[in-house]
Amino acid sequence: MNKLRLMSIFVEVVECGSISKAAEKLELSKSVISLALKQLEQELHLCLLKRTTRKQTLTTAGSRFYLQCAQMTQQAEAAWLEASEFTKIPSGILTVTAPHALMGSIVVPALTMAFSDYTAVNLNFISDDEHVDIVQQNIDLAVRVGVSKNSNLKQRKIGQFSDVLCHSKTMMIDAQSVPYIAQHWQTEPIMQLFCCQQQQQKIQYQIKHRANTLFDVVSLLEMGLGVGVVPDFILKQNQRLQPATDALPSIANPIYVLHPYQTHVPLTVTLAIAAIEKKINEIVTNQ
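Residue numbers for the sequence shown follow this note's numbering, beginning at 2 and rising by one.
Worth double-checking, as some hints may not be accurate.
[Stated by the list, open to error] Below, in silico cross-link-like pairs of lysine-lysine (DSS-like), each with a Cα-Cα straight-line distance of 25 Å or less:
| # | residue 1 | residue 2 |
| --- | --- | --- |
| 1 | 155 | 209 |
| 2 | 89 | 279 |
| 3 | 56 | 22 |
| 4 | 155 | 89 |
| 5 | 203 | 279 |
| 6 | 22 | 4 |
| 7 | 4 | 31 |
| 8 | 170 | 150 |
| 9 | 170 | 158 |
| 10 | 39 | 51 |
| 11 | 209 | 170 |
| 12 | 158 | 39 |
| 13 | 203 | 170 |
| 14 | 51 | 22 |
| 15 | 56 | 89 |
| 16 | 56 | 31 |
| 17 | 203 | 155 |
| 18 | 56 | 26 |
| 19 | 51 | 26 |
| 20 | 170 | 237 |
| 21 | 158 | 237 |
| 22 | 155 | 170 |
| 23 | 31 | 51 |
| 24 | 22 | 155 |
What the hints contain is simulated information worked out from the structure, not anything from laboratory work.
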């Protein structure tokens with residue numbers, strides 16, 4: 002039996018007033034309690050309790066030892082209660098990473114709403130189109146497009162979206178021959194599928210302009226500098242852009258949530274996943 006366990010049993014014996022009552026409270030046999038006290042005294046080379054058939058009294062050494070043991074058990078109980086509160090009331094720092102497109106439109110609105118009544122929760126958002134190291138960067142939750150190859154992370158698909166070729170509503174253009182505005186992850190050749198009169202045709206674009214965030218691409222599109230792809234849920238919210246005529250949307254891009262917790266997932270993470278999934282269902286067209 003470890004030292005902390007022996008010390009906590011000793012405290013119970015003192016506070017209950019007898020071995021019998023301590024055994025009843027701890028749901029242990031009297032022999033186990035007696036052996037624990039004997040072991041404790043042997044390891045300390047001290048007599049802690051003077052016991053008779055009718056009563057027990059602390060020795061001088063036992064009295065001093067009890068005060069410190071009692072303080073230890075009180076601190077342990079307080080730590081246990083405080084830790085258990087994390088499973089009941091959301092609190093602490095919640096660090097979430099997501100691509101720029103998903104962060105501004107889905108993650109931030111979803112989580113600020115979900116935790117608006119929980120003042121003990123501190124939100125920490127990291128927008129990054131690159132896959133940051135979740136463990137090294139101390140990330141609690143990641144929202145990503147596409148499945149992760151890291152088998153050490155828990156991941157689940159919570160939605161999907163499609164990219165749509167679009168341009169400014171103020172432009173009267175031939176979408177098949179105008180300049181192309183690319184996001185940083187796109188590489189040439191840029192191929193876009195069109196369907197006109199039930200005939201499908203692939204058009205190849207050369208990149209004219211490029212930006213490293215989706216919102217910069219959107220700004221260039223709004224200025225009428227060309228065509229480019231934008232997630233369908235972003236396009237629906239934008240009053241200045243419109244889909245290119247006859248352009249087909251991309252195949253569905255799956256949205257996944259990932260976290261490093263194998264067991265005992267923090268309540269903040271569980272609530273965050275639910276809130277993000279709900280927001281996706283509200284604004285993203287699932288196919």
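Tested hints:
1. 155 x 209: 39 Å, violated
2. 89 x 279: 21 Å, holds
3. 56 x 22: The given pair, whose Cα atoms are some 12 Å apart, holds under the 25 Å limit.
4. 155 x 89: Roughly 22 Å separates the two Cα atoms, so the pair holds.
5. 203 x 279: Since the Cα atoms of residue 203 and residue 279 sit roughly 36 Å apart, the hinted pair is violated (cutoff 25 Å).
6. 22 x 4: 21 Å, holds
7. 4 x 31: 19 Å, holds
8. 170 x 150: Between residue 170 and residue 150 the Cα gap is close to 40 Å, so the pair fails against 25 Å, i.e. violated.
9. 170 x 158: This hinted pair is violated, its Cα atoms lying about 34 Å apart.
10. 39 x 51: 12 Å, holds
11. 209 x 170: 20 Å, holds
12. 158 x 39: Not OK: residue 158 and residue 39 at ~57 Å, beyond 25 Å, violated.
13. 203 x 170: 23 Å, holds
14. 51 x 22: Holds: residue 51 and residue 22 sit about 17 Å apart, inside 25 Å.
15. 56 x 89: Roughly 42 Å between the alpha carbons, so the hint for residue 56 and residue 89 is violated.
16. 56 x 31: 15 Å, holds
17. 203 x 155: Violated, at about 38 Å.
18. 56 x 26: Judged against 25 Å, a Cα distance of about 18 Å means the pair holds.
19. 51 x 26: 21 Å, holds
20. 170 x 237: 13 Å, holds
21. 158 x 237: 22 Å, holds
22. 155 x 170: 42 Å, violated
23. 31 x 51: Roughly 17 Å between the alpha carbons, so the hint for residue 31 and residue 51 holds.
24. 22 x 155: With a Cα-Cα distance of about 47 Å, the restraint between residue 22 and residue 155 is violated, given a limit of 25 Å.
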